[in-house]
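Going down the list, the sequences are from chains H and D.
No gaps in the numbering here: position 264 of the first sequence is 264 in UniProt numbering, and each next residue is one more.
No gaps in the numbering here: position 477 of the second sequence is 477 in UniProt numbering, and each next residue is one more.
The set of hints was computed from the structure by calculation and includes no laboratory data.
Note that the structure is predicted; figures quoted are calculated from it, not measured.
Where hints are given, some of them may not hold.
As the list makes no split between identical chains, a pair holds if one copy fits it or if it spans any two.
Using 25 Å as the maximum straight-line C-alpha spacing, the simulated SDA-like pairs for lysine to any residue come out as follows [said to hold, decoys possible]: (1) Lys206 / Pro257; (2) Lys29 / Gly491; (3) Lys33 / Glu518; (4) Lys18 / Gly491; (5) Lys206 / Phe151; (6) Lys29 / Ser484; (7) Lys477 / Leu28; (8) Lys231 / Glu336; (9) Lys29 / Lys475; (10) Lys183 / Lys393; (11) Lys477 / His36; (12) Lys18 / Leu28; (13) Lys18 / Met172; (14) Lys475 / Ser26; (15) Lys393 / Ser119; (16) Lys18 / Asp30; (17) Lys29 / Val521; (18) Lys18 / Asp153; (19) Lys206 / Lys477; (20) Lys464 / Arg497; (21) Lys33 / Glu467; (22) Lys18 / Ile490; (23) Lys92 / Glu57; (24) Lys33 / Asn458; (25) Lys92 / Ile79; (26) Lys413 / Glu80.
2 protein chains.
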Amino acid sequence: MTFAGTPKAIDLSHHLNKLSLSRVASPLKDIIKYMHEPGMISLAGGLPNPSLFPFGELRARVYAPETDLRSSEEHCSPIEFSIPKNASPSHKNTLSAALQYGSSYGSARLSSFIREFTSHVMTPGYSDFEILLHSGNTDAWNKVVNILCEFGDYILVEEHTYPSSQALWAPMGCKGVPIPIDKDGLIPEALELVLKNWDQTFPRIKKPHLLYLVPVGHNPTGATLTLERKKAIYKICVEYDIIICEDDPYYFLQFPPYVLQSQRTQEESGTAPSDIPVEHPNSSSELDGQAYVNSLIPTFLSLDVQGRVIRLDTFSKTLGPGNRLGYFVCNPLFAERILRATEVTTQAPSGLSQALIEELLISWGQEGYLRWLPGLRDSYTSRRDWMCDLIAKYFDLVPSPANIVDDVVAVQKGHGSTKDAVPYFSFSFPKGGMFAWIKLYLPSTSTYQNMKATSPSNENATAKWAEAFWMDLIKEKVLLTPGSYYTPIIGSGINERMPLEPDVIFFRLAFSFETREEMEVGIERMANVFERWWS
Amino acid sequence: MTFAGTPKAIDLSHHLNKLSLSRVASPLKDIIKYMHEPGMISLAGGLPNPSLFPFGELRARVYAPETDLRSSEEHCSPIEFSIPKNASPSHKNTLSAALQYGSSYGSARLSSFIREFTSHVMTPGYSDFEILLHSGNTDAWNKVVNILCEFGDYILVEEHTYPSSQALWAPMGCKGVPIPIDKDGLIPEALELVLKNWDQTFPRIKKPHLLYLVPVGHNPTGATLTLERKKAIYKICVEYDIIICEDDPYYFLQFPPYVLQSQRTQEESGTAPSDIPVEHPNSSSELDGQAYVNSLIPTFLSLDVQGRVIRLDTFSKTLGPGNRLGYFVCNPLFAERILRATEVTTQAPSGLSQALIEELLISWGQEGYLRWLPGLRDSYTSRRDWMCDLIAKYFDLVPSPANIVDDVVAVQKGHGSTKDAVPYFSFSFPKGGMFAWIKLYLPSTSTYQNMKATSPSNENATAKWAEAFWMDLIKEKVLLTPGSYYTPIIGSGINERMPLEPDVIFFRLAFSFETREEMEVGIERMANVFERWWS
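The shape of chain H in the complex, shown without the other chains (with noise of 0.2 Å):
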């Protein structure tokens, strides 16, 4: 499909890495093209007969596309569906299918649907990109690298990066080569910065030529690159010839401005409990879903003209992940190379999978899809503003000094208005995803200074220090994620890591998961615990 005036994918073929140049179709796929040929009688596939397959009929119960998701379950599904054994006029997606070895390019209706989406919604920048469904990102990560990097190679990393992303590329030898972000993310001047200096700081080394981001809500800090971010990181990229691998699995996931409890009581009705999400002014209920499309920040792809972006999206934040069902879209070259490698190793998401979320889609249809999503963004907004109005029940909350770029520092509560309040953490207000991150500065603690006096390195005390706060936290019975966790890998061998940050450490705060109820006791105990150890 081209669309007038949208240039195609230039040739970025000299990215791709040995292994990837050496894969070859399987000359059974040749086979394929004389099976549909009219009157063949094929006795060459090796295809199990469907016959045989024990399932007879599959029957789904799912939610209204503008389901209210904070009604009762039973309200919730009254949209059927079956899948039955064989195709009838009525049933295009049928179990004999689904059951049956399938194309690597995955299920070409269900491939379709997301097409349509993907043009509406992101409007990639170039014509000639394609849809090639993967088994989640976590998998379509380990395919990037393997048709791009080459052992050893050096890699763009933000400065807090996913674990497994780099678990996957550590062992190859490879190496992270962090770039700084803040609550917008990625800075742009940052990246430049190391492109630029590359020869002198990495003498004889060769430039890394892939970028690696989570683009919005990241995953660990929450922060969410702005526009001009993106077109200035893009503009770099196409500057210094480096491919962007964008994982965006909260793309839909991205909300409105946080605002303070008080004050949103007072602008709206002021009369809605903590524990009943709010009604923010751009809510799904008041809008269409090209308002909703309009709200979300343009991804790297639309701004793509020249195939550079491999855009990695996925059900696992909007459906589940446990359909492990997700699509790259990228440029021809690159999907056909994926498509090869995929042909020998997962050769289709599951076909049940694909399947189930095809006719869920398909019954919602293009518009029913974009009411889900916002309907799923608000209800991840409402747990948002819990945890951020639960922050600000259990600490003061003050505006950052100007050497702290984070929205507000968190002080013992009852001190906020004092001019000498001790910051414990700052953090920003995530304005999507499912994390916050708060940056805890120690010189303040006792503890802290006795560490520093009997450590080797301030980074050695800040280290121990970490440790024991959260086997604190822990004893309290609340668990964060160390910040440690996310430390890029800068050499070979997975304990090589970006040196830490003395004097403040990280931890992640998920808001995704636990009640309200659970979220207001963990936040407590969490207070607790600053308490005593800023006593």
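Could you slot chain D onto chain H? The hints should help.
Leaving out everything else, chain D in the frame of chain H:
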């Protein structure tokens, strides 16, 4: 679990490659142990909230294990089960869990079913074997190669080998070492010869340490290894320290010996039309599950007292390949390394596939599954019989001369009693799987003699003849798979293949998919082409 009297796996860690030895567990996994502490509030996991997954309930209608697979669809699926959103006393299997991120081990309930089944049916020769779910044997083989092989390694393969298996390792610069096979599978003496003479034949080249084989209903040749050969091969592998990868999708499709239709109908009622499956003496209707188990040739796993067999088992041929679900049975060390690789790639098989197969198998129970399998075996036995009957109908079958190891030789219809009948092809009656494998003798055709006269080599003439003959079959509208697709790659580069044997070519015929009627049309067309080319 340890069985009294069976040893534990020996230390085989020296077989692991650098990539695999470099993998470490994700730090996020450390958190899991704290998550399950009573009273813990976890803000650590990044799980989406299951109340927001849009599936309310899944219902399935499935076949009874004792289903007569020749009956019509409505009679096949009397069992119904439901997978509700949330757990209840009667429902352990839930959509909330199936659609959530799951353990890379796979469902504990399903694994436990499989462990019991494997212990009973395979009786592994060592005690500490592990069950690890995977996403189909193709990806499982990918994982085996990626824990055991370095780039450039030599791998022991059958002289006709499954193309996807080598398309995986060939781009890694690995090379196949073809071991001769015949109708009873891989020839142990040939394997031993290669290993004994390795240092003379391949001076200064690292000896192979991995043998890949399809022991039952071999793809493409249909051969099934005898127990004697399995024992001999295992002994050689112990002696030369070889890991055996037993890719065994057809294990449960082991057939009784083929009996010519004329003799069969005499022995039996004599009234069964040829499109009704024939009841074999040991067909399921007369036997219980244990008798079926006893009828199966033991696996390499059951002979394995050291843990050097990696068994790739799959539901693809028994419950449908679209499930993309199977399992490794292997030693704990290899299982742990495969698990580490799984965490950063596929993560887990589809939760929906796991949940549906789990519920199906638990509905059936161990006994039910052991009724399903012989029923399925009988269906494919009938299909094997259809194909052999049809070949016997459209060709004359004569006993093989001393220099041909196959069961029979096919000659022109009506010439079977002629002393000097010209051989078209020889083949063996398959004892398992989905394929027959025919070997064509070209010298008696004038076309081949002409090609030989004008070709640079006999091998070249053979390849040209094969191509022309195949295209003529396609023109006649019957599609077979050329045997050359299965030729091992023996050099760096996917086109450097084992030299083709001159004067003969092979085709693979699948009896798994087409109806009896289609099969007849196909075989008749094939016979017409043979007659033309041999006239």
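Notebook entry, point to check: With identical chains treated as interchangeable, where does the CA-CA distance between Lys29 and Ser484 reach 25 Å or less: within a copy, between copies, both, or neither?
Noted result: between (47 Å within a copy, 14 Å between copies)
Note to self: If the cut is 25 Å between Cα atoms, do Lys231 and Glu336 qualify within a copy, between copies, both or neither?
What the structure shows: Close neither inside one copy (27 Å) nor across copies (43 Å); limit 25 Å.
Next item on the list: Up to 25 Å between alpha-carbons, please classify Lys33 paired with Asn458: within, between, both or neither.
Entry: neither (66 Å within a copy, 30 Å between copies)
Check: Between the shortest in-copy and the shortest cross-copy C-alpha distance, which are at most 25 Å for Lys18 and Leu28: within, between, both, or neither?
Finding: Within. Shortest intra-copy distance 23 Å satisfies the 25 Å Cα cut-off; inter-copy 32 Å does not.
Next item on the list: Give the relationship of Lys206 and Pro257 under a CA distance limit of 25 Å: within one copy only, between copies only, both, or neither.
Entry: Neither: 41 Å inside a chain and 62 Å across chains, both beyond 25 Å.
Note to self: If the cut is 25 Å between Cα atoms, do Lys477 and Leu28 qualify within a copy, between copies, both or neither?
What the structure shows: Cα proximity of Lys477 and Leu28: across copies only (18 Å, versus 57 Å in one copy).
Next item on the list: Using 25 Å as the alpha carbon limit, work out where Lys206 and Phe151 are close: within a copy, between copies, both or neither.
Entry: Answer is both: 12 Å inside a copy and 21 Å across each meet the 25 Å cutoff.
Next item on the list: Pop the pair Lys18 and Asp153 into one bin, within, between, both or neither, using alpha-carbon distances up to 25 Å.
Entry: Both ways: Lys18 and Asp153 sit 13 Å apart in one copy and 16 Å across, limit 25 Å.
Check: Quick one: Lys413 to Glu80, C-alpha cut-off 25 Å, is that within a copy, between copies, both, or neither?
Finding: Neither: 51 Å inside a chain and 57 Å across chains, both beyond 25 Å.
Item checked: Identical-chain pair category, Lys393 with Ser119, by Cα at 25 Å -> Neither, since 43 Å and 56 Å both go past 25 Å.
Next item on the list: Pop the pair Lys18 and Asp30 into one bin, within, between, both or neither, using alpha-carbon distances up to 25 Å.
Entry: Within one copy only: 24 Å inside a chain, 36 Å across chains, cut-off 25 Å.
Notebook entry, point to check: For the identical chains here, do Lys18 and Ile490 meet the 25 Å Cα criterion within one copy, between copies, both, or neither?
Noted result: For Lys18 and Ile490, the Cα distance is within 25 Å both inside one copy (23 Å) and across copies (19 Å).
Violation of the numbered hints given earlier is confined to hints 1, 8, 15, 19, 24, 26; the remaining hints are satisfied by the structure.
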